[in-house]
Amino acid sequence: MRHVYGWLLLTPAAILLVAFTHYPAVATLAESFFSTGTAVRPSRFVGLGNYAALLGDPIFTQVLLNNFWFALGTIPTSIALAMLMAAWVNGALPGRALVRLAYFTPTVLPMIAVANLWLYFYTPQIGLLDKVTALFGAGSHNWLGNPDTVMGCLVAMTIWKEAGFFMIFYLAALQALPPELGEAARIEGASRWYFFRRVTFPLLMPTTLFVLVNATINSFKLVDHLFILTKGGPDNASNLLLYYIYQTAFSFFDTSYAATLTVVLLALLGAFALVQFQLIERRVHYR
Amino acid sequence: MKRLIGIALAALVVAATPALALTELTFYYPIAVGGPLTKVVDNLVAGFEKEHPDVRVHAIYAGNYDDARIKALAALKAGQPAQMSVLFSIDLYELLEQDAIVAFDDIGADKTWLQSFYPALMANGTYKGKVYGIPFQRSTIVMYWNKDAFKEAGLDPEKAPATWDEMAKMAAKLVKKDAGGNLARWGVMVPSTGYAYWMFQAFARENGQDLMNRDGNQTNFANPEVISALQYWRDLGAKYKVMPEGTVEWGTLRQNFTEGKTAIMWHTTGNLTAVKESAKFPFGVAMLPASKQRGSPTGGGNWYIFKKSTPAERKAALAFIQWITSPERTAEWSIATGYVATRADAYETPKLKEYVTGFPQAAVARDQLKFATPELSTFQTGRVRKALDDAIQAALTGGKAPAEALKAAQQEAERLLKPYR
Numbered sequence: 001m002r003h004v005y006g007w008l009l010l011t012p013a014a015i016l017l018v019a020f021t022h023y024p025a026v027a028t029l030a031e032s033f034f035s036t037g038t039a040v041r042p043s044r045f046v047g048l049g050n051y052a053a054l055l056g057d058p059i060f061t062q063v064l065l066n067n068f069w070f071a072l073g074t075i076p077t078s079i080a081l082a083m084l085m086a087a088w089v090n091g092a093l094p095g096r097a098l099v100r101l102a103y104f105t106p107t108v109l110p111m112i113a114v115a116n117l118w119l120y121f122y123t124p125q126i127g128l129l130d131k132v133t134a135l136f137g138a139g140s141h142n143w144l145g146n147p148d149t150v151m152g153c154l155v156a157m158t159i160w161k162e163a164g165f166f167m168i169f170y171l172a173a174l175q176a177l178p179p180e181l182g183e184a185a186r187i188e189g190a191s192r193w194y195f196f197r198r199v200t201f202p203l204l205m206p207t208t209l210f211v212l213v214n215a216t217i218n219s220f221k222l223v224d225h226l227f228i229l230t231k232g233g234p235d236n237a238s239n240l241l242l243y244y245i246y247q248t249a250f251s252f253f254d255t256s257y258a259a260t261l262t263v264v265l266l267a268l269l270g271a272f273a274l275v276q277f278q279l280i281e282r283r284v285h286y287r
Numbered sequence: 001m002k003r004l005i006g007i008a009l010a011a012l013v014v015a016a017t018p019a020l021a022l023t024e025l026t027f028y029y030p031i032a033v034g035g036p037l038t039k040v041v042d043n044l045v046a047g048f049e050k051e052h053p054d055v056r057v058h059a060i061y062a063g064n065y066d067d068a069r070i071k072a073l074a075a076l077k078a079g080q081p082a083q084m085s086v087l088f089s090i091d092l093y094e095l096l097e098q099d100a101i102v103a104f105d106d107i108g109a110d111k112t113w114l115q116s117f118y119p120a121l122m123a124n125g126t127y128k129g130k131v132y133g134i135p136f137q138r139s140t141i142v143m144y145w146n147k148d149a150f151k152e153a154g155l156d157p158e159k160a161p162a163t164w165d166e167m168a169k170m171a172a173k174l175v176k177k178d179a180g181g182n183l184a185r186w187g188v189m190v191p192s193t194g195y196a197y198w199m200f201q202a203f204a205r206e207n208g209q210d211l212m213n214r215d216g217n218q219t220n221f222a223n224p225e226v227i228s229a230l231q232y233w234r235d236l237g238a239k240y241k242v243m244p245e246g247t248v249e250w251g252t253l254r255q256n257f258t259e260g261k262t263a264i265m266w267h268t269t270g271n272l273t274a275v276k277e278s279a280k281f282p283f284g285v286a287m288l289p290a291s292k293q294r295g296s297p298t299g300g301g302n303w304y305i306f307k308k309s310t311p312a313e314r315k316a317a318l319a320f321i322q323w324i325t326s327p328e329r330t331a332e333w334s335i336a337t338g339y340v341a342t343r344a345d346a347y348e349t350p351k352l353k354e355y356v357t358g359f360p361q362a363a364v365a366r367d368q369l370k371f372a373t374p375e376l377s378t379f380q381t382g383r384v385r386k387a388l389d390d391a392i393q394a395a396l397t398g399g400k401a402p403a404e405a406l407k408a409a410q411q412e413a414e415r416l417l418k419p420y421r
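Residue numbers (this note's numbering), protein chains in the order written: chain A, 1 to 287; chain B, 1 to 421.
These aren't lab readings, by the way, just hints derived from the structure by calculation. In this text, all values refer to a predicted model and were calculated from it rather than measured experimentally. Hints may contain errors.
Said to hold, decoys possible - Distance ranges between label pairs, derived from CB positions:
{"id": "1", "chain 1": "B", "residue 1": "Ala312", "chain 2": "A", "residue 2": "Tyr23", "range": "36 to 44 Å"}
{"id": "2", "chain 1": "A", "residue 1": "Gly152", "chain 2": "B", "residue 2": "Ala312", "range": "56 to 64 Å"}
{"id": "3", "chain 1": "B", "residue 1": "Asn182", "chain 2": "A", "residue 2": "Leu117", "range": "44 to 52 Å"}
C-beta atoms are modelled at their ideal positions from N, C-alpha and C, and glycine is treated no differently.
Extracted from the complex, chain A is given alone in its bound form (with noise of 0.2 Å):
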C-alpha cells in the first residue's frame, strides 16, 4: 500500500517529465533520422543522411568553432572575476550592501536588455565605447562590423553579465568557511596568498565545479544577444550552435536538420558534464 502511496505522489512530477523533457529528447532523436516533410513532398526515412549532411556543411563546423572560442573566453575570466569580487566584498568593507548589489544587477536584467544596451556601447560613432575612446584621440571601431572583433565584444558583455551571478554562490562558499582556519593559517605565519591557494582555493572546490557546469551549460544555451546584436555576423563570425539551431528550425524551416543539430548539442552538453563530474570530482573536497 505505501508503495502505491508512493508512486501516487510521484505521479505528478513524473509526468511533467516525462512529457516535457524525456519525451521530446526521445523525439528529437527520433526525428533526426527522417527528412523535413512539407504538404507536398511527405517525410521519409533517410538514417544517418542528416548526420552526414552534418558533416559537409561548413556553417556547422564554424558555429562549432565559435562556441569553443566563446567557452573559453567567457568561463574561465568570468570564474576567477566572480571569485575575486567575491572575496573583496566577503571581508569588512563600508558599504558592502551596495557593493554586492551592484555586482549583481547584471544578472538580473534581461538578456535581451543587456545587448541592446550593449549595441549602443559597440556602435560606431556615437556608442559609448567610441566616446571614450575619442577621448584618447583613438579613432572610431566598428566593433561589431567586423568579424575580427565581434567574437571579442560577446565575450566581453557576457562575462559582465555572469560574473555577478557566480559570485553569489562564492560569496555563500566563502561565508561558510570556517573562521578557525583563518586565525590558525595567521598564528602559523602563512601569507595570504599561501593561505588562498592551500586552504581557501580548494575548499571551494565544490563550488567552482558547480559554477564550471552550469557556465558550461551557459555557453551553449546564451543565445539571446545574437538576435539584437548581431544574428550570427558578419559572415556567421558570432554564430553560436543554438543560434544555428534556431535559423535552421524557424528560418529554413527545415525541422530534421534542426533535430539533428540539437542531438549534437544534447550530446556535446552531457559529455561535457560527465567529463567534468568525472575528474574534477576526484580533486573535490566535500565536507
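With chain A fixed as given, assemble chain B onto it according to the hints.
This is chain B only, laid out in the frame that chain A set:
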C-alpha cells in the same frame, strides 16, 4: 398548452437565428515598424464590422514577420481556425509548399480588382499566373540625405546623387574629419546586418540584373553584373573610404543619420515617420541612385487566404480584404504608417493628396515603384537568403573577394533549388 406553444415559438426563433448568423473570421498580423499600429488595425476592423453586421472579425497581433508566420502555421496545424492572415510577402513559396493558401482567382476575386494594385507589388504574391497575395503593408528602400551636411560640403542641398559615380564623388566631399584627424562624419551608409540581401537587391537591380526568376527556382548570384554590384558596395568602404569598412548595423543606422554621423543613408520608407520626428536638420528623401537604371526591391506584408476555410468564410474573407484595401482605407493606412499606398487611385483620394502636398517625401517611394523589383523569394527561401547574406558580409568585411563569395552562394542556391525545377 399556451406555455408549450411559447416554448415551441422560442425554439423556432433560436433555430432560425443561424440563418442570419455571423461568419466569424480570424486573422494574424505582424508589425515591423514603430508606432501604435494595433490601434489602427482595431479601428479598421471595427469600421468593417459596422458596415458588415453579419461578419465578426478577430484581429490577432502576432509579433514580427517570423513570429506571425510561425503562429499562423502552428494554428493551422492545430486545427484552430484562422481564415486569412497578413504575412511576409516572401513567405509565398513556403506557404505553397505547406499547401496552406488558395489563389484569389480561384475563389471568385474580380480580375479588375486584382489589377488595381501596382504591378511591382503584385509580383511577390503571384505564382504561375495566379494571385495568392494581396499587397497591404509594403515598402521600398529610399535614400535619405542631410541637407545641412550638403550645404557644409559645398554641395547643392536640394540635389541628391542620381548615379553611383555621383554618390561616390559627393560622399567623398561629405566625409568630415575632426581636428585630430579622426572621422567625424561618413559620406554614406548602407546597412548590411539583418537584411543585407534586401539592400543588395537594390544594387543588383540598379546594375541591370534581378537576383532570381519569377518561379522561385533559379538565382543569378554569380552573374557578372551582380558581382560588380557587390564590388561597388565593397568599394564604398574599401576604395572610396566614404562608408565604414565591415558591416553597418541596421538597427542603429537611423540614429547615426539623425545624429549627423553620416550624410546619406539607404533605409526603408518604413523609417520615414521616425526620421521626420527625430532629425533636427532639414532632410531630403530621394530614389536610390542608378548605375544602368534606377531600382529597389519591394518589401513587406501581403494578405493571404488559407485553404482550411468554408466557402462562406472565404467569401467573407474576400469581402474583408477588398474592403481594407479600398482606396480610402489604403490612404488612411499609408498616412498612419509611412507604408506605400498599394494602388494608384489611393493617391487620388483627397486625404492622401493633401498629405503628400504637405510632405512630398512621402511620394518618393511611390514614384520609385515603377523601377521596383520583387523581394528575394525562392523555394527554400531561408537557406538561399542566408547563403546570399553570408556572401555579402564576407565581401564587405574583406574575408572573401566579391566574385568568390557570390560564386559560393550561387553554388549553394543551385544545390537547394535543383529539386524544384
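Taking the hints in turn, this is what the structure says about them:
1. B:Ala312 - A:Tyr23: 36 to 44 Å: holds, 39 Å
2. A:Gly152 - B:Ala312: 56 to 64 Å: Holds: the Cβ-Cβ distance is about 60 Å, inside 56 to 64 Å.
3. B:Asn182 - A:Leu117: 44 to 52 Å: Because 25 Å falls outside the window, the suggested range is violated.
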